[in-house]
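Trainee: Once you've looked at the hints, dock chain R against the given chain L.
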Amino acid sequence: MVQKKDSSEKLAALFTLKIGNISGQLEEPGREFFCADNKLMDEDEVADLSSEFVTLITGLLGSKDPHKRTSPQFHALETFFSGLSQRILMRGGNVEEVVRYAQQLQYTLISALERDSGIAFTQSRSVLLYFAQHFDALIMAIFRTYLVERENTLKAQEEELRETSTPIAEIWDGVLTLPIIGTLDSSRTMLVMEALLNRISKDHARAVVMDLTGVKNIDSQVSHHLIQMVRAVQLMGADAIITGIHPEIARALVSLNIDLTGVTTRASLSDGLKEAFLRMGIHVSQKTN
Amino acid sequence: MAIAGVHLTRIGKGDFLFEPLSSMNIQDQDRLILELVEHLQQGQGRRLYYDLNTLPVIDPVYYGWLDSLARTCQTLNVKMICINMQPTAAFTLSQFLAGRPVFETALGIPD
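Chains L and R, in that order, are what the protein sequence lines are.
When the letters of the first sequence are read in order and numbered with our numbering, they come out as residues 1 to 289.
When the letters of the second sequence are read in order and numbered with our numbering, they come out as residues 1001 to 1111.
So that you can see chain L by itself, here it is in the shape it has in the complex:
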């Protein structure tokens, strides 16, 4: 209400303005930020973008309460900028380009309205303030979209990493192998455990060979998780065999007083597989002529 009382005549004139064809003038920021070297859009797309923006801003300025940022007209503008932000990010652009486009669009819009109407909008503090407040909110919408997109990308990357860090393979009916490569930390061990237990349940695996050949370091917490993993596998009714324990890891396990009672270990993956086959009554032999 206070804002309305302070509104100048020029602001009142802005809301009753019959906006002419300013769409062409508003294409310039689009060309500058999206059609230059980065080629994020072509000229036709920029023209459509400007035209859509003019329709939406005309709708807002001519609405019942142009100050209200919860109106459907303003929401439509927010959606417009969110969509634009999403489109640009998907095409390899960055959020800075969209923000700078929105800022440039704001200045160009005020100048274009001034030229079109002959009213000195650039001289009016209330008009400038009105647009600044609205464009700030629109820029926030751009950032929100950027953050959501970034979060989605991180989630997808995390999921991809999770899949590649737990390459569980069914090497024989009921025999799973899990080569663990790289550094084992607590969160990764938990991921591996989750994936492995679900896979045992899904495939009804009777033996799991966990190969640690690619693991160079292990700490107290991780070694406990590893033993927990073996226990969980056994609790599900499958046999767990650990293979490829490096001398350093063997020493670490001993010095950490890790109880390996009931845990089957073998020197190499091949020995582990032989043990798994033996337990399942599978006999693999070389064909002789």
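Calculated directly from the structure, the hints in this document are not laboratory data.
None of the values given here were measured: they were computed from a predicted structure.
C-beta: ideal position from N, C-alpha, C; glycine also.
It is possible that part of the hints are untrue.
[As the list claims (entries may be wrong)] Lysine to any residue pairs mimicking SDA-like chemistry, simulated, CA-CA at most 20 Å apart: (1) L/Lys216 <-> L/Asp239; (2) L/Lys202 <-> R/Thr1088; (3) R/Lys1079 <-> L/Asp239; (4) L/Lys202 <-> R/Ile1109; (5) L/Lys202 <-> R/Leu1055; (6) L/Lys39 <-> L/Val99; (7) L/Lys64 <-> L/Ala13.
[As the list claims (entries may be wrong)] Simulated DEER-style distance windows between Cβ atoms: (8) R/Gly1005 <-> L/Pro72: 51 to 59 Å; (9) L/Leu129 <-> R/Pro1056: 51 to 59 Å; (10) L/His204 <-> R/Ala1098: 25 to 33 Å; (11) R/Pro1056 <-> L/Thr153: 30 to 38 Å; (12) L/Glu160 <-> R/Asp1028: 46 to 54 Å; (13) L/Ile282 <-> R/Ala1098: 28 to 36 Å; (14) R/Asp1030 <-> L/His224: 32 to 40 Å; (15) R/Glu1035 <-> L/His204: 44 to 52 Å.
Mentor: For chain R alone, coordinates are given in the frame of chain L:
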């Protein structure tokens, strides 16, 4: 066979399948164990398959019940085998279990 809160089925010579229902009250374990022992003795039970299929989590209280049951079975020369343990249950149980449990585990009832 009638034990309140439990489905007990004879599935072979000396083999019994124990399926807990949602109405089973483990606070009343003395009665449950007593009735079960009677059935196992009458049926000359050798193996008791405890189906954990419907149990998403095994907490220390539930593990205490399984442990008591398995120890009782041991005194009767009946082997208790927990089957169909869910990944989440195996995970939670492995968190607080120090050694191997008294009961055996299997993926399911052997063919």
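Trainee: Decide, hint by hint, whether the structure agrees.
Mentor: Structure-based check of all given hints:
1. L/Lys216 <-> L/Asp239: This hinted pair is violated, its Cα atoms lying about 24 Å apart.
2. L/Lys202 <-> R/Thr1088: Within the cut-off at roughly 13 Å; holds.
3. R/Lys1079 <-> L/Asp239: holds, 19 Å
4. L/Lys202 <-> R/Ile1109: OK: L/Lys202 and R/Ile1109 at ~16 Å, within 20 Å.
5. L/Lys202 <-> R/Leu1055: holds, 16 Å
6. L/Lys39 <-> L/Val99: holds, 17 Å
7. L/Lys64 <-> L/Ala13: Answer holds: L/Lys64 to L/Ala13 is near 14 Å, not above 20 Å.
8. R/Gly1005 <-> L/Pro72: 51 to 59 Å: For L/Pro72 against R/Gly1005, whose Cβ atoms are near 58 Å apart, the range 51 to 59 Å holds.
9. L/Leu129 <-> R/Pro1056: 51 to 59 Å: Holds, at about 58 Å.
10. L/His204 <-> R/Ala1098: 25 to 33 Å: This hint holds: roughly 28 Å between Cβ atoms.
11. R/Pro1056 <-> L/Thr153: 30 to 38 Å: holds, 32 Å
12. L/Glu160 <-> R/Asp1028: 46 to 54 Å: holds, 50 Å
13. L/Ile282 <-> R/Ala1098: 28 to 36 Å: holds, 33 Å
14. R/Asp1030 <-> L/His224: 32 to 40 Å: holds, 36 Å
15. R/Glu1035 <-> L/His204: 44 to 52 Å: Distance hint for R/Glu1035, L/His204 is violated at roughly 32 Å.
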